[in-house]
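Chains as they are written, first to last, in my numbering: chain A, 1440 to 1847; chain V, 1440 to 1847.
For the record, the hints were derived by calculation from the structure and aren't laboratory data. Since we're looking at a predicted model, the values are computed, not measured. Hints should not be assumed to be uniformly reliable.
All copies of an identical chain are treated as equivalent in the list; a pair is satisfied when it fits inside any one copy or across any two copies.
Result set (DSS-like, lysine-lysine): computed pairs, CA atoms no more than 25 Å apart in a straight line [said to hold, decoys possible]: (1) 1635 with 1687; (2) 1546 with 1482; (3) 1475 with 1769; (4) 1546 with 1644; (5) 1748 with 1687; (6) 1748 with 1546; (7) 1687 with 1747; (8) 1690 with 1748; (9) 1592 with 1690; (10) 1687 with 1769; (11) 1669 with 1754; (12) 1638 with 1769; (13) 1592 with 1748; (14) 1475 with 1754; (15) 1644 with 1669; (16) 1635 with 1592; (17) 1482 with 1748; (18) 1546 with 1754.
Protein chains: 2
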Amino acid sequence: MGQFPINLEEAIEWLASFGGESDGGVTRTLYSQSWKEAQQALKGWLEEAGLLANYDSIGNLFGRLPAANPNAQTILIGSHVDTVKSGGKYDGAYGIISGILALIQLKQQFGPPAINLEVVSFCEEEGSRFPLALWGSGMMTGIYSFNDIRDIKDSEGISFETAMMAAGFGLSEFRVRNDIHTFIELHIEQGPTLEKVEKSIGIVKAIVGQKRFRITVNGESNHVGTTSMKWRRDALHGAVNMIHDLYKSVKEYDEDLVSSVGQLFVEPNVPNVIPNQVQFTVDARHPNESVLRSFCQQFTEMFENHAKKLDLELKVEMWHEVQPAQMDRKLNETIQRICTQNNFPSHWMNSGAGHDAQLFARICPTTILFVPSQGGISHSPLEYTSTQDLENGLGVLIQLLHQLAYNC
Amino acid sequence: MGQFPINLEEAIEWLASFGGESDGGVTRTLYSQSWKEAQQALKGWLEEAGLLANYDSIGNLFGRLPAANPNAQTILIGSHVDTVKSGGKYDGAYGIISGILALIQLKQQFGPPAINLEVVSFCEEEGSRFPLALWGSGMMTGIYSFNDIRDIKDSEGISFETAMMAAGFGLSEFRVRNDIHTFIELHIEQGPTLEKVEKSIGIVKAIVGQKRFRITVNGESNHVGTTSMKWRRDALHGAVNMIHDLYKSVKEYDEDLVSSVGQLFVEPNVPNVIPNQVQFTVDARHPNESVLRSFCQQFTEMFENHAKKLDLELKVEMWHEVQPAQMDRKLNETIQRICTQNNFPSHWMNSGAGHDAQLFARICPTTILFVPSQGGISHSPLEYTSTQDLENGLGVLIQLLHQLAYNC
């Protein structure tokens, strides 16, 4: 390949070479050397493609195909350039690359659009280096400000501000845009649904809301052999009763609800001592905030009952919360028509993971499209989507942008 | 106090000074310096009391009050001198001290018995330094041999044999005794039963059998947000269902059954990933082997059903097993009569912890008597039994030995 890629398959490998690792993984955390090189390389490609390339003051990179009318609003397309540690080649990258390729093709084929088309490579979404996610889209949508990064450090003690300035950003005031008319993100699914239902395009109805809790159960430790069952205050017995009934109650809700215990610690965690403390997390997600809230309230009451029955102390703390985001129905219906016309089997679904699109949904019509993830695997060097599936997604995006920006 | 203690209270503090720590804890692991000093000090006390003191070839210490008849058999009384790391003052020590004080008093008051009375300070019971418990009584009863310690090392890499020889033992062949007629052990309860039922002497019916298992549940890890509940192979969900039903099924048995999950590990143990592996231990104890076996078989089948239902892989490994040991009914009835005569409230119970007595039960009439443990606490610097309770236990022991060795 030359300096810049000429098709989707090449572009995925090209972008993955910035921060690429021997096992096929990619590490490109915010404001790192590999991150800088990736953004600079993307800027070069945008310029060579004849798009107006520029950064904003925090390092979001834009490539604009301007409308003839200088007062036109903007359809923004894109995703994030940062990765988790040892992530895959497709997460984020696919949304940027397909946006660039779409604009290149539309420019060549149809010239200037009636509304600005602009691709964005968001500086950060994952929250992998600093304990703050969705930085790029958060600033663009006016939901975050520089206040949100004060006192935030990475695991090596480097402050967010220092890292940002070392990369050449954060030096001027941030200007929130008021021309964004629509936001569209193309992304790998990162789950097994499309593969299981054998569809090639996922039309996202909503990005689910999330609530995450830390549950602490305190009892009393004693010798397992010498303490009769009736005199025990076994924290693990209590925790197990709670989690058992949590999974049981998930079934009573609709299939959009997911809830999980991913982390659990036992104290003192030795075979012949009754546990005096168990800490575990509960993660609950649903596209409807009131359903989610009622589920969480229900399991909290149920946990309290279990604690009382076994004479245990209970602490329930919510440490993370994200509101659900509804994707735009009209945009989705247009996507559905395009899929039907092209014979791309499509599937209406929710996104169980968070995305930049969830913040744009608060300020403008927004949607996100999924392509299948092999085995549902993501955030791993094993992340894979076939070239055919990637091309299908790009095809839908080009036709959607054509309808929105030329046939209007 | 002089060189040697003159009463129970003094003797407990005196013996605890060997390996004593600033917080009141005692560490006296097998063949260590503090262990050697304790055995040597006890030997001095036995000699000063006019008992025939000697070691066997592995470091069990004996003090004999001989019968006039040189062919008489022997009633052995005692417990172990070793402790766990940072253990209490009473565990083991009380059984040795009360044995010595009983023999001193019987000798002074009644002279030579009709049957040899011999106190033993077993070299090892806890298994705290080397991964082998009941070494002293195991050798005496012919259940262990030197073969059992080959290739065994402590956490610092010192072999069992090297440690034994450095302490001056293991140099000559071990001679199994064939004169033991009865074994009696006085011990703190190490559980809360006597305190809860407000009794001062525990008459032990049996030392429970133990089976310990390691259970491994394997599933598949996935993103908690993007994986529908119906496509999960959640190892923690499976483990929780198993443990929930384990505790439920314990209730269907008699109150002598105890079963516990003390240790549990989750992989990868992060809040937003479905666990792909859970490992946990099951400890089950009951005085009747066939009841215990049937319980373990039942939960194993139940675990298999749960694993099958959730498409999980299951491995069940038993890594520790101890047969139940029945204490001698006639000895216990004699103890009951002595308690009644002395107005000591007594309680028939099982021992949920292991003791030297469990091995002697295989070769001769054996019993173990308990005195209360405050708060059920043991293996801790907080271990405590009131002087009154210790004196009551000693009183019963003296009267029991009087009946067995003088009134026969």
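Status of the hints after comparison with the structure:
no., hint, in the structure
1, 1635 with 1687, "within (24 Å within a copy, 37 Å between copies)"
2, 1546 with 1482, "within (17 Å within a copy, 100 Å between copies)"
3, 1475 with 1769, "neither (37 Å within a copy, 85 Å between copies)"
4, 1546 with 1644, "neither (30 Å within a copy, 91 Å between copies)"
5, 1748 with 1687, "both (19 Å within a copy, 14 Å between copies)"
6, 1748 with 1546, "neither (68 Å within a copy, 55 Å between copies)"
7, 1687 with 1747, "both (20 Å within a copy, 17 Å between copies)"
8, 1690 with 1748, "both (24 Å within a copy, 15 Å between copies)"
9, 1592 with 1690, "neither (40 Å within a copy, 51 Å between copies)"
10, 1687 with 1769, "neither (37 Å within a copy, 53 Å between copies)"
11, 1669 with 1754, "within (24 Å within a copy, 30 Å between copies)"
12, 1638 with 1769, "within (21 Å within a copy, 78 Å between copies)"
13, 1592 with 1748, "neither (43 Å within a copy, 45 Å between copies)"
14, 1475 with 1754, "neither (43 Å within a copy, 48 Å between copies)"
15, 1644 with 1669, "between (51 Å within a copy, 20 Å between copies)"
16, 1635 with 1592, "neither (40 Å within a copy, 53 Å between copies)"
17, 1482 with 1748, "neither (62 Å within a copy, 53 Å between copies)"
18, 1546 with 1754, "neither (58 Å within a copy, 61 Å between copies)"
Checked against the numbered hints given earlier, this structure breaks hints 3, 4, 6, 9, 10, 13, 14, 16, 17, 18; the rest are met.
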